[in-house]
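S.K.: Following the hints, position chain B against chain A.
Residue numbers (my numbering), protein chains in the order written: chain A, 1 to 112; chain B, 113 to 226.
To be clear, the hints were calculated from the coordinates, so they are not data collected in a lab. All residues carry an ideal CB built from backbone N, CA and C; glycine is no exception. Do not take every clue at face value.
As the list claims (entries may be wrong) - Taking CB as the label site, the calculated pair distances span:
{"#": "1", "chain 1": "B", "residue 1": "Ser185", "chain 2": "A", "residue 2": "Ile13", "range": "36 to 46 Å"}
{"#": "2", "chain 1": "B", "residue 1": "Ser139", "chain 2": "A", "residue 2": "Val45", "range": "15 to 25 Å"}
{"#": "3", "chain 1": "B", "residue 1": "Lys126", "chain 2": "A", "residue 2": "Arg61", "range": "38 to 48 Å"}
{"#": "4", "chain 1": "A", "residue 1": "Glu54", "chain 2": "B", "residue 2": "Gly152", "range": "26 to 36 Å"}
{"#": "5", "chain 1": "A", "residue 1": "Leu11", "chain 2": "B", "residue 2": "Asn130", "range": "36 to 46 Å"}
{"#": "6", "chain 1": "A", "residue 1": "Gln81", "chain 2": "B", "residue 2": "Ala209", "range": "33 to 43 Å"}
Claimed, not checked - A short list of chain A residues far from chain B (calculated; beta carbon distances all over 10 Å):
{"#": "7", "residue": "Asn55"}
{"#": "8", "residue": "Asp69"}
{"#": "9", "residue": "Ala86"}
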Amino acid sequence: KNQVEQSPQSLIILEGKNCTLQCNYTVSPFSNLRWYKQDTGRGPVSLTIMTFSENTKSNGRYTATLDADTKQSSLHITASQLSDSASYICVVINTGGFKTIFGAGTRLFVKA
Amino acid sequence: DTGVSQNPRHKITKRGQNVTFRCDPISEHNRLYWYRQTLGQGPEFLTYFQNEAQLEKSRLLSDRFSAERPKGSFSTLEIQRTEQGDSAMYLCASSLATYQETQYFGPGTRLLVL
Chain A
1 KNQVEQSPQS
11 LIILEGKNCT
21 LQCNYTVSPF
31 SNLRWYKQDT
41 GRGPVSLTIM
51 TFSENTKSNG
61 RYTATLDADT
71 KQSSLHITAS
81 QLSDSASYIC
91 VVINTGGFKT
101 IFGAGTRLFV
111 KA
Chain B
113 DTGVSQNPRH
123 KITKRGQNVT
133 FRCDPISEHN
143 RLYWYRQTLG
153 QGPEFLTYFQ
163 NEAQLEKSRL
173 LSDRFSAERP
183 KGSFSTLEIQ
193 RTEQGDSAMY
203 LCASSLATYQ
213 ETQYFGPGTR
223 LLVL
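Isolated chain A (complex conformation) (with noise of 0.2 Å):
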């Protein structure tokens, strides 16, 4: 069965620290993944998109990881401000098809 499966459910940390949200999954065959932000109330906003060829993937302050043969990707943010505060989902698409698998979400809770 195709699942997507994120750590933790949540996490609170302090303006300024980094943080490592993960993501396991069991798609296949693998197309590529995508990690998004969502703010409370708003539709999810695409941060980074990783193939099966790509290990790491950055945008400012967020860099993705992937590792295609343990089927794990991670999330790291640093220098968390309280902007960073939202959902953030990871997202599996597989090939040959139209199949795009979304994670529960790991909710981030920045404090000052």
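M.R.: For chain B alone, coordinates are given in the frame of chain A:
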């Protein structure tokens, strides 16, 4: 603003009523998707169009749900005889059919069925 827009942003209805939501995609995008999202969960795929053709429907899309994209531009999602379990955020996204296509999401329509 040239992003994806959705109307209305909020809808409160009584059980048994019909509701219709509209999505206006980014103008040059040929793909349009509908998702449903409940609190604390990621979006769940409902259906998708390439131009005016509805190419895939999820099993989540019961007979009470219907979606159209008559001219390959805006789309509507109708829910008939709403039930309390239909309460959720309904998200629309659009994209260009390219390798590594990126879906751009609208702000969503939040539905509450009383």
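S.K.: Now tell me, hint by hint, if it's right for this structure.
M.R.: Hints, verified against the model:
no., hint, verdict
1, B:Ser185 - A:Ile13: 36 to 46 Å, "43 Å, holds"
2, B:Ser139 - A:Val45: 15 to 25 Å, "19 Å, holds"
3, B:Lys126 - A:Arg61: 38 to 48 Å, "46 Å, holds"
4, A:Glu54 - B:Gly152: 26 to 36 Å, "30 Å, holds"
5, A:Leu11 - B:Asn130: 36 to 46 Å, "40 Å, holds"
6, A:Gln81 - B:Ala209: 33 to 43 Å, "35 Å, holds"
7, Asn55, "16 Å, holds"
8, Asp69, "21 Å, holds"
9, Ala86, "13 Å, holds"
When the structure is compared with the earlier hints, no violation turns up for any of them.
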